[in-house]
Amino acid sequence: MVPLLEMRNITKTFPGVKALDKVSFSVHEGEIHGLVGENGAGKSTLMKVLSGVYPHGTYTGDILLRGELQAFRGINDSERAGIAIIYQELALVPEMTVYENIFLGHEIHRGLAIDWNETIKRADEMLRRVGLDVNPESKVKDLGVGKQQLVEIAKALHRDVKILIMDEPTAALNEEDSANLLNLLREQRNHGVTCILISHKLREVIEIADTVTVLRDGKTICTLDSKAGEVSEPVLIKHMVGREISNIYPPREHHPADEVVFEVRNWNAYHPQLERDILKDVHFNVRKGEIVGFAGLMGSGRTELALSLFGNPEGYHVSGEVFLHGKQMHFRHPKEAIKAGVAYMTEDRKGNGLILIQDVKQNITLANLREISRRGVMDNNAEIQVATEYKDSLNIRTPSIEQQVGNLSGGNQQKVCLGKWLFVKPDVLILDEPTRGIDVGAKYEIYTIMNRLVEEGMSIIMISSELPEILGMSDRVYIVSGGKIVGELPVEEATQEIIMDLATDY
Amino acid sequence: MFLKDLGQVLRKNIREYGMYIALFVIMAYFTVATDGIFISSRNISNLLNQTGYIAVLAVGMTLVIVIRHIDLSVGFLAGFLGAVAAIALEFWNLPVYVVIPMTLALGTLAGLITAYPVAQLGIPSFVASLAGWLIYRGALLLVTASTGTIIIQDEAFNAIGNGYIPDIFPNIGFLPKVHKLTLIIGLIGIILFIINAINSRKKKQAYHFEVLPMNIFIFQLVFVSVLIGLITWVLSGYNGLSWTVVIVLIVVALYHFVTTQTVLGRHIYAIGGNPEAAELSGISVKDLTFIVFGSMGMLSALSGILFASRLQSATTQAGTLFELDAIAAAYIGGVSAAGGVGKVTGSLIGALVYMSLTSGMNLMNVDIAYQYVVRGAVLAFAVIFDVATRKRV
Ligand SMILES: Nc1ncnc2c1ncn2[C@@H]1O[C@H](COP(=O)(O)OP(=O)(O)OP(=O)(O)O)[C@@H](O)[C@H]1O
Ligand SMILES: [Mg+2]
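Quick note, the sequences are listed as chains A and B, same order.
Okay, so the first sequence: first residue is 1 according to our numbering, each after it adds one.
Okay, so the second sequence: first residue is 1001 according to our numbering, each after it adds one.
Looking at chain B on its own, in the form it has when it is part of the complex (with noise of 0.2 Å):
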């Protein structure tokens, strides 16, 4: 009875459910392959940190993605502003509380400016942007020219990409080694999704709208508190929440908010559906354009931030294929081109399942030769099953 309405409900909800699906598998995959090193405290920490800079990446490029639009030129407007931050903070000794907003905004300048093109004159996003790409390519070598690698002495910036939360009670006896607070953390988080999920719930019956069997709905929450709880475990075995983690759960419940509760959310997937019909409905798509762009360099800055703070340095190479990989992110995760759909919260899984195979194989020692034909592989059969799992009627 369980398993056979489980086994309706997944079938129902396959698009949705795919990717965590896929997610799991691949962990568990390389947790056995790599006798558990994988699930380790310290890998999991690592591959989130990682994770950390092309998931906020993905975050803005879902929504150029349902605009109907694409951003290739983020990749290395993240390593230049990475630079320019290196700069500010070496060469201009500019105190680290100064300079991560005059980067950020910076980089919303830069998504500006890609947009103007787009919105103003009808420019192909994809030439825009690859002129960008060209361009802060060549800003990216020139203020590295005469001195190659930054490197970043700043210890408060170098957190950001490194550092863990601080704990609190660190020397009471009970549950030493411990990281307290991210248990404590991760138990308020379980809690509000628990009381969320019931309210969301409620108000849909009251509405008489189809909701999930019971059983389903408490297996559901049963299973997300147990992944909640288990990743926090696992974490608060090493060093507890880093900072990075701490930054992309705030963007992406901040967009997760913004595209799902606003006017302005609904306005951008309404252009993402059709944009004449969102003219006419009195959307200004110029003004969303100039936005969506906007924040997407904003996040750039961001993402150039966490990778120069995790490196602890600027470098020449900074920012390579990280568009590749951003626009990679959210195609798993189940963004359409055609425009109007797609979650933050599955272009956040989707950065997790590519950095996953990553941090999996180079863990298993994999030539990075098959790892590109594998990351590959895995893009086009998320693509595939997004396509195949839409066209049922």
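Isolated chain A, as found in the complex (with noise of 0.2 Å):
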């Protein structure tokens, strides 16, 4: 049988990367089709080459759709070849409605002017078929992110949608939303469209693929049929680090002290543009050598408070006490959390966490500029010493430290990140989902580098929507629900269960 997509010996190169090496892919119709592999593997790569987004030309190799070959110019032949694809980062307009954006760049006319009782139908029609129930005039900057991701859903699927790519879709959604989404593709798939999926989480890849091909540095790996019970996560991760990881989580040997390096009583924000409160009366407090784990939903408050913390950088209206080594602050700007020893590391990289213009050394050494400069002025060589050895302890993959990080893969963005605020030197750090998009092995690596912190007196907070992740690496968690702390458990005491529990019941 001809696959319906073929892509051979592929090879694309940017300067000093070469990130994709002679790839062949190959995917048969009606297949959910999981594409696994390493931060920098070339996954997002490859899709992009599908999609047009790196025109025919730009790259060496051939394109068959059902045995033909495509030579696309830009999004919109692919497109029209039935080729839609969702980028690991969102693309919607926040401002719009939730139907403006489905039919963005493809509005419906009549005559000249855009027919929007037919578009409103139609998207309704469309927000049905992906089971997400909105009123499609509302704006998509107040749904949440597992909504948002629907919407990119729906807006992709408009179209007459052969292929489907998904680059990391269920990356920042919650378990539930995730499921949700994982239904979805297979019900699409029951409507004859072919998906393919990109993810870090094994799990739901061994769950629901049925073939699975995987990368590394560039070149196929291999191709896995499910069917066949080829697919397991040991032999995913061999494959894709191309050695063995028998533990997902690093061996814990925390011993958190009795004293209290951080702590919050009576803790209120108010959200002065939304006209609500989001924190209410939240007390927690940090010890030194701790890793404390905030589970919660999406939207239950964890970044607000974070942030309301952090210097406040939203404008909250805050009230409350917090503690540092017993001593009451008052942080006024980041600048001072900083100053007092918090960091905090955002979950949105892109959005407010890094400098993607600027080069790796540039976005590593930001917050702690004062450490690499006299008087003001920057001491270059130090700057690129601190630079490499964070390049080198965390592992990040850039073909020098002068590379923009926009430039770098999801993943080694994340490091790019965890380094800038490890070279801060924190007593507390605060990290927001610490390991979204990052594949198994960095993720080891990262669990290792935070255990050998808190094994250094440093104290972390780690906010993570994955239980797994929480119940792995916390000595103590906190649930967070509707901007209120409505649990606290030793770690050996939590199963999900419980945690779901908590964290569902208000």
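Derived by calculation from the structure, the hints in this document are not laboratory data.
On a predicted model such as this, the values are computed, not experimentally measured, just so you know.
Heads up, some of the hints might be wrong.
[To be verified] Cut-off 27 Å, straight-line C-alpha distance, at most; resulting in silico cross-link-like pairs (DSS-like, lysine-lysine):
| no. | chain 1 | residue 1 | chain 2 | residue 2 |
| --- | --- | --- | --- | --- |
| 1 | A | Lys201 | A | Lys18 |
| 2 | A | Lys141 | B | Lys1286 |
| 3 | B | Lys1012 | A | Lys48 |
| 4 | A | Lys48 | A | Lys201 |
| 5 | A | Lys227 | A | Lys141 |
| 6 | A | Lys18 | B | Lys1004 |
| 7 | A | Lys484 | A | Lys280 |
| 8 | B | Lys1202 | B | Lys1012 |
| 9 | A | Lys339 | A | Lys201 |
| 10 | B | Lys1343 | B | Lys1203 |
| 11 | A | Lys425 | B | Lys1286 |
| 12 | B | Lys1343 | B | Lys1204 |
| 13 | B | Lys1202 | B | Lys1343 |
| 14 | A | Lys227 | A | Lys288 |
| 15 | B | Lys1286 | A | Lys339 |
| 16 | B | Lys1180 | A | Lys18 |
| 17 | A | Lys350 | B | Lys1343 |
| 18 | A | Lys350 | A | Lys327 |
| 19 | B | Lys1203 | B | Lys1012 |
| 20 | B | Lys1202 | B | Lys1004 |
| 21 | B | Lys1204 | A | Lys18 |
| 22 | A | Lys350 | A | Lys339 |
| 23 | A | Lys350 | B | Lys1286 |
| 24 | B | Lys1004 | A | Lys335 |
| 25 | A | Lys238 | A | Lys280 |
[Said to hold, decoys possible] For the chain A half of the interface with chain B, some residues (derived, Cβ under 8 Å), not all of them:
| no. | residue |
| --- | --- |
| 26 | Pro313 |
| 27 | Ile338 |
| 28 | Ala340 |
| 29 | Ser373 |
| 30 | Val486 |
Glycine residues also receive a C-beta, built at the ideal position from the N, C-alpha and C atoms.
Two chains, each in its own frame: build the complex with the hints.
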């Protein structure tokens, strides 16, 4: 049988990087095809070649659809051929309504004017097809990430799609939304849509994919058939990383001291634009050398809590008490928090974490220029040394520390973010979804680093929506729901069920 | 081999070298079209002096655009402060060493006032500075209303825009009629440039960073040295370096240092690249906005001083359209409207390109109407070129 899609000997180079090296990849009609590999293996690049983001001529090799050679000059060409791609980063316009977004770039005209009634009607149909129950007239920014993801899919599906490509669609979703999305994929398959799914959540790949292709260092390692029982987590990991990893979480040997380093009492926050309370009477503490997990659903208020404590850059109206090393603190700007020894790594690396047009070294040092300067004048050598150190210790894959961060793969960008905050050497490090979009091998490395840091006396607050990660890494767990702390458990007593119960109770 | 290397380097760095090439082409063209009058000592000297008051504005504007703002008020602010300086000198009889710091301080204050609604209240800088444009225009008309043009008699003040640095040994027989101090300064400049280039190349190599191939590197050294040499030679054939050029060079050197070598510079570019990320990295966007607009105000005052001094008077029209010339110069010099990208040296070259066009077309007696069209076309071309070369990955 001729495969629906065949990519042959695809090679794509960027200055200094061979992102794809003679990659071959074929997908059969009606299957869900998983695409896995380490950060920087070339998954996103391969899909961008397929969808015409990198047009014909900028790569070598052939793309065949149903045996016919294709030469896409841009996204429009690939769309016409029935290929739709949903990128690693959401591409919706937050200020526009759901229906405007769905038909953005493909507006329904009657003459010169847009036929809004027809648009809304059709948008409604699409929303039903993806099982999303929202008013098409609501603005995208008012929806949670999970729902936004579904809007993206609705946007992709409104055209006659044959191949739907999704690049890490569940990275920012909680378990429930992820499960919904995977169900939706199955449904689409039954409608005859072929899907390509890129994900670092191997369990969901195993659960849903009919076939899995593994990339490593820009090369195809193998294609495995799920029905033939070839796919399992250890096998995938072995092919991805090139060696076996028996534990996903490194052994935990934390010895938190009794000394409380960071404490928050009666903490409230009011959001002046939304005109509502977003945090209510929050109490918690963190001890020296402890990893404290903050579990909860998306939108439960954990990020808002972290930001409000970290100098409150969003300008919430806050009240309550914050103690660092027993001393009461009033951080009015992130710089004061950083200076006092509190750091916050954002969950949104592209939005407010990194400066994409600057290079790796500038991003790593940005939050602590004081240490590599004298009387305000930069010491360029010291900067290079620091950046090289973090590049090596975090294993950031980049041709040079002078590479623009925007050119790195998603996972490697995340590592740059982490490096930046490690260089600040804080006493209290707040990590918001620290391993989002990171491959298994790199996760293990990051967990190991976290363990080392607490061993050295740092205190870590880890906000995570991945319960296994919370359970695998924390010493103590707070459960947040609706802007309140609804539970506190030592990790020995916590289970996924208990946490989910508490998190969804309110 | 050499040409092939050169072609490759040029193609790779076309964005950076593009405007130098453009400047070179424009100058060469006018030199031919005016039978060499353009490149004459006198004309080049005049050209540089005219560029001065736009160049200092363009330097400040670079930073404003880098942090994703704009300042439209600078032209009439310069005109107004020039008039204030004239009044202080002529009517209040203040000495020049009081007037200049006072004017610069007033400029800084004006910049901070423009920054206030922008930084504190989030008003778009286009609107805030448009208000400034109107206010300073009115203020300029007000202070010159009773007297009309104010003639400045102070010689020290007028020397800023018209004077030249003194010569050493003006009367020895060696190289008569040549300004020797200018030559010496040029020579020192060349030596410093070469030492600096070799050092930074060594450093880069030590870290295994990419450097230019050796032959191209030497070519670059020779090319720039010859260029500096030529310019100083041409200038020393007239009156030597003017005070305006000295001031511009100091301003550019200072801002170049701050933007490339200091924490403050890093913070400015970080804000331009991603203000939210900068804020979360502990950089106060608010404070930096004040600093950048404050510096813009100070440079506006400097521009006003240079202009008033050059004309030896303050006029009701002083500063008209300076802001747009400065913005054009910055964009020709490669500043990106998206923020976070742009060099002050680029803006200096941009200002030179822009003023060379004016000067050359004036020499050729081109009608003013066509001059605007040509300048507009060059601006459009420069920006299109910038965007087109940026896209290529
Ligand atoms: N525009 C670009 N310029 C230079 N290098 C690039 C560019 N885009 C990608 N690369 C490089 O190509 C390689 C493959 O990147 P790609 O984004 O395809 O990885 P990925 O498999 O999607 O990784 P991740 O799981 O982290 O998203 C990386 O080494 C990356 O640095
Ligand atoms: Mg990717």
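Q: Could you work out which earlier hints the structure fails to respect and list their numbers in ascending sequence?
A: Structure breaks hints 5, 9, 14, 16, 18, 24, 25, 28 and 30.
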